[in-house]
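Undergrad: Please model the entire structure based on the sequences and the hints provided.
The chain contents come next:
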Amino acid sequence: MRDDEIIIRVAGAAGDGVQSAGQIIAKTFSRKGLNVMTYNYYQDIVRGGQSWYQVRASGGKVRSQGDGLDILIALNKDGVERHTNPDINEGGASPLTGIAIFDKSISGYTDRKVTYVPMPLSDLASKHSSFALMKNTVAIGAAMAATGVDFDTLSSVILDVFGKKGKVSEQNVSAAKEGYDYYLSNHKSIGKKLSFGNKRKYLIGGGEAVGLGAVRGGLKMYIGYPMTPASSALHYLAAHARDFGVFVKIPEDEISAINMTIGANYAGARAMTGSSGGGFSLMVEALGLAGMMEIPIVIYESQRPGPSTGLPTKTEQGDLNLVLGASQGDFPRIVLSPRDARDCIDLTSEAMNLAQEYQTPVIVMSDLYLSEHNETVDSIDPEFRVDDGNRPVDGEKDYKRYLVTESGISPRAIPGQKGLMHNEDSDEHDEYGDVVSDAETDPTKRVTMMDKRMRKLETFVRKMPPTETYMLADAEYAVIQWGSTAGVTEEAIDILRGKGHRIGAIEVNRVFPVNPDIGKLCSGKKKIIVVENNYSGQFNRLLKAELGLKTVLVRKYNGEAFYPSELAAMIEGEMR
Amino acid sequence: MVTVNDYSGKIKPDWCPACGNFAQLSAIKNVLTELKIEPENVVVVSGIGCSSNLPEFIKAYGFHGLHGRLLPVASAVKWANRKLTVIGYGGDGDGFFEGTQHFFHTAKRNVDLTYIVSDNQIFGLTTGQASPTSEIGFISKTTPDGNIEKPVNPMTFALSAGATFVARSFSGDPKHLQEVVKKGIQHKGFSFIDVFSPCVTFNKTNTYDYFRKRVYKYEAKDPSNFEEAYRAVQEWGDRIPIGVFYQVKGQSYEDLDPVTAEETALTERPYRKLKPEDFEEFL
Numbered sequence: 001m002r003d004d005e006i007i008i009r010v011a012g013a014a015g016d017g018v019q020s021a022g023q024i025i026a027k028t029f030s031r032k033g034l035n036v037m038t039y040n041y042y043q044d045i046v047r048g049g050q051s052w053y054q055v056r057a058s059g060g061k062v063r064s065q066g067d068g069l070d071i072l073i074a075l076n077k078d079g080v081e082r083h084t085n086p087d088i089n090e091g092g093a094s095p096l097t098g099i100a101i102f103d104k105s106i107s108g109y110t111d112r113k114v115t116y117v118p119m120p121l122s123d124l125a126s127k128h129s130s131f132a133l134m135k136n137t138v139a140i141g142a143a144m145a146a147t148g149v150d151f152d153t154l155s156s157v158i159l160d161v162f163g164k165k166g167k168v169s170e171q172n173v174s175a176a177k178e179g180y181d182y183y184l185s186n187h188k189s190i191g192k193k194l195s196f197g198n199k200r201k202y203l204i205g206g207g208e209a210v211g212l213g214a215v216r217g218g219l220k221m222y223i224g225y226p227m228t229p230a231s232s233a234l235h236y237l238a239a240h241a242r243d244f245g246v247f248v249k250i251p252e253d254e255i256s257a258i259n260m261t262i263g264a265n266y267a268g269a270r271a272m273t274g275s276s277g278g279g280f281s282l283m284v285e286a287l288g289l290a291g292m293m294e295i296p297i298v299i300y301e302s303q304r305p306g307p308s309t310g311l312p313t314k315t316e317q318g319d320l321n322l323v324l325g326a327s328q329g330d331f332p333r334i335v336l337s338p339r340d341a342r343d344c345i346d347l348t349s350e351a352m353n354l355a356q357e358y359q360t361p362v363i364v365m366s367d368l369y370l371s372e373h374n375e376t377v378d379s380i381d382p383e384f385r386v387d388d389g390n391r392p393v394d395g396e397k398d399y400k401r402y403l404v405t406e407s408g409i410s411p412r413a414i415p416g417q418k419g420l421m422h423n424e425d426s427d428e429h430d431e432y433g434d435v436v437s438d439a440e441t442d443p444t445k446r447v448t449m450m451d452k453r454m455r456k457l458e459t460f461v462r463k464m465p466p467t468e469t470y471m472l473a474d475a476e477y478a479v480i481q482w483g484s485t486a487g488v489t490e491e492a493i494d495i496l497r498g499k500g501h502r503i504g505a506i507e508v509n510r511v512f513p514v515n516p517d518i519g520k521l522c523s524g525k526k527k528i529i530v531v532e533n534n535y536s537g538q539f540n541r542l543l544k545a546e547l548g549l550k551t552v553l554v555r556k557y558n559g560e561a562f563y564p565s566e567l568a569a570m571i572e573g574e575m576r
Numbered sequence: 001m002v003t004v005n006d007y008s009g010k011i012k013p014d015w016c017p018a019c020g021n022f023a024q025l026s027a028i029k030n031v032l033t034e035l036k037i038e039p040e041n042v043v044v045v046s047g048i049g050c051s052s053n054l055p056e057f058i059k060a061y062g063f064h065g066l067h068g069r070l071l072p073v074a075s076a077v078k079w080a081n082r083k084l085t086v087i088g089y090g091g092d093g094d095g096f097f098e099g100t101q102h103f104f105h106t107a108k109r110n111v112d113l114t115y116i117v118s119d120n121q122i123f124g125l126t127t128g129q130a131s132p133t134s135e136i137g138f139i140s141k142t143t144p145d146g147n148i149e150k151p152v153n154p155m156t157f158a159l160s161a162g163a164t165f166v167a168r169s170f171s172g173d174p175k176h177l178q179e180v181v182k183k184g185i186q187h188k189g190f191s192f193i194d195v196f197s198p199c200v201t202f203n204k205t206n207t208y209d210y211f212r213k214r215v216y217k218y219e220a221k222d223p224s225n226f227e228e229a230y231r232a233v234q235e236w237g238d239r240i241p242i243g244v245f246y247q248v249k250g251q252s253y254e255d256l257d258p259v260t261a262e263e264t265a266l267t268e269r270p271y272r273k274l275k276p277e278d279f280e281e282f283l
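Sequences listed follow chains A and B, in order. Each residue of the first sequence is one higher than the one before, starting from 1 at the first, in the working numbering. Each residue of the second sequence is one higher than the one before, starting from 1 at the first, in the working numbering.
Bear in mind the hints are in silico, worked out from the structure with no lab data behind them. Incorrect hints may appear among the rest.
[What the hints assert, rightly or not] Quick list of in silico lysine to aspartate or glutamate cross-link-like pairs, DMTMM-like style, CA-CA up to 20 Å:
(1) A:193 / A:150
(2) B:10 / A:428
(3) A:499 / A:572
(4) A:418 / B:235
(5) B:10 / A:111
(6) B:10 / A:381
(7) B:59 / A:572
(8) B:275 / A:428
(9) B:182 / B:34
(10) B:217 / B:235
(11) B:275 / A:378
Quick caveat: nothing in here was measured; it's all calculated off a predicted structure.
TA: In structure tokens:
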């Protein structure tokens with residue numbers, strides 16, 4: 001672990017305030033100009049269980065939740081026991097090597113090679129409030145003192161977080177100060193060299209970033225049924241509906257959600273829906289409707305481990321087969337998979353335009369890991385050129401909604417336009433939209449229309465930007481990843497490079513159609529290692545099918561994200 | 001000046017001769033003409049079934065979607081552009097089997113659209129299976145020994161769900177049908193119209209004659225009286241009432257939602273430009 005980075009973990013039961021405490025710490029660091037990444041380990045439970053929230057911060061790059069643990073804030077005895085145990089098995093998380101801060105009433109824990117800092121958290125808190133969770137704030141104050149961050153920044157964050165609660169925010173600041181001062185008087189700094197600055201960074205969650213990107217991309221309606229981990233985008237948009245002028249609706253089910261999204265886009269309002277795999281499964285039939293009618297829709301699909309209800313609060317990349325295969329028949333679909341929060345903003349804005357341009361479903365695939373963690377971005381560009389694609393003018397003579405073109409893209413009239421009335425049909429139809437499935441069954445027209453629709457994908461592939469790479473130029477070994485594993489893959493590459501391996505990565509955030517340049521990037525490599533957060537290597541299979549690549553697979557499917565050293569070791573194992 | 005010809009599609013309906021759907025197509029075209037609504041401002045959304053082919057036969061904006069899913073599409077069209085006249089049109093299988101949850105919630109939301117169900121008490125397009133409104137004892141391909149499942153009463157269902165306009169008519173009485181459709185389209189809020197629409201090919205029980213013998217024109221003393229309406233719609237057997245049973249004024253969903261409530265349609269509003277202040281909460 002580097003001297004210029006720190007990892008703090010808050011551990012406790014659900015309902016103990018673990019997440020709120022972690023978020024205050026994260027924001028304190030992002031306001032001090034550090035790069036921050038958080039990791040939320042929680043269960044499908046409102047109270048009880050064992051959850052923890054980790055904050056990693058550094059002046060240097062922070063691309064995953066990281067290895068190591070410097071400071072533990074344990075809100076119960078179980079937290080002390082678990083996170084100081086060298087045999088910790090929380091899906092790859094590191095045990096503590098630094099200090100453990102907890103209330104002095106906790107006793108009887110196993111003595112291990114860490115620095116125990118039992119503190120009168122409750123006593124100090126009770127000087128300011130009888131509210132039980134106030135002791136967390138004392139612990140936050142102590143942990144922040146240990147890192148050397150100034151109290152004013154911490155206090156500004158607390159005031160903002162509790163801002164609307166008046167007296168409560170003052171009490172929290174006082175409680176934090178008690179912890180901060182107590183720690184400085186009785187204990188020493190942990191000796192990290194964190195490069196604090198004064199340029200605040202944006203700290204944003206992946207779900208919020210998707211919402212923000214959609215609004216920048218012209219979103220006017222978001223219709224979604226609640227499902228973890230897609231709900232963070234829904235909550236963000238609902239909270240800002242009036243301000244952004246976005247109509248937000250929870251309908252009766254996901255079938256309704258996608259049909260509404262189709263109806264809105266048909267009528268000319270950019271609309272989007274979102275869910276996880278379970279909800280997406282209910283959307284399957286209507287996905288094909290949008291493909292057949294050539295109506296633009298954007299679907300945010302945030303994955304969690306299946307099958308069925310699976311692990312609702314854990315992460316996985318196991319829905320690719322579902323998304324690629326959903327709905328009967330062949331129709332064009334575009335699948336994007338953001339790598340990080342910045343990609344969530346940029347690719348979602350782009351998806352909003354791509355759907356309009358190609359008049360077909362665009363699916364933005366994220367996962368719990370990316371949707372539910374916060375990370376810093378240096379800047380957010382408010383500018384984006386919204387493009388409505390091919391639209392006819394009112395009164396166009398002999399208007400053909402599905403005009404056969406070289407690109408496959410036809411002029412899309414919307415209701416209200418004079419003289420362009422037509423029918424859009426789930427049945428196969430001709431250029432005018434007139435049905436050719438019943439009395440007028442016409443095999444030639446069917447082929448013409450299939451070819452026209454599918455040509456849109458060829459047009460899209462021709463215009464795809466080059467796939468991004470990391471340290472690939474001189475690499476003997478190539479790792480291919482998709483979506484949210486980009487950051488941790490880069491860190492694993494750094495570890496392996498440090499050991500002398502010539503290895504690089506191909507980072508795929510445009511998953512389907514497959515960019516043919518991936519094949520070229522792989523040529524001449526000794527070995528191609530595909531990294532995936534799922535059981536069967538779904539993207540690996542796609543790459544083999546589309547590009548004929550010979551690959552080996554590195555996979556993790558226990559519900560947790562890869563850790564850098566863990567992934568480096570797994571990749572190294574495949575290099576032999 | 002809008003004429004009924006403006007609504008005439010170039011494709012002739014593929015329904016069986018004397019199918020109840022013809023009268024409904026005519027009624028819709030005549031009412032839209034009478035109300036001087038321009039065809040470009042009309043969207044007809046349908047599901048799947050014989051009746052659901054209707055958007056192909058009317059020159060307006062048509063949306064022939066999925067079985068049972070016409071109401072979510074129709075609702076969102078209205079929310080996107082509240083200046084449009086939105087008509088949902090489908091069959092009893094479409095609306096009361098696969099579309100049940102959408103029917104219930106759209107009625108409850110009071111979205112300003114007109115939902116007309118061509119109720120023939122059978123599946124026609126799939127050549128004659130029992131439907132949710134088939135009567136007990138009804139013999140069909142799927143109920144060779146007679147239907148044992150009680151039929152849905154779409155009227156009590158719509159009332160229970162909170163529809164603000166609940167009516168019934170009969171394809172064998174085009175004048176009445178047209179009057180009811182006109183009231184439905186004029187009603188601000190969710191209008192539900194169940195239309196007895198005999199399937200001349202597969203339903204040999206609920207024929208034109210069957211209904212001619214039984215239907216009578218019901219006049220509500222007070223259309224806003226829920227209890228009276230709820231009692232009236234349950235009459236079935238030798239005498240079956242048709243007419244507007246229930247109508248109350250209420251705010252539609254798009255009036256209540258602060259985003260759609262603004263006068264300018266969502267589709268006509270400029271795209272929201274982001275400003276740096278929009279990201280400040282993340283600092």
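Undergrad: Please list, smallest to largest, the hint numbers that this structure does not respect.
TA: 4, 5, 6, 7, 8
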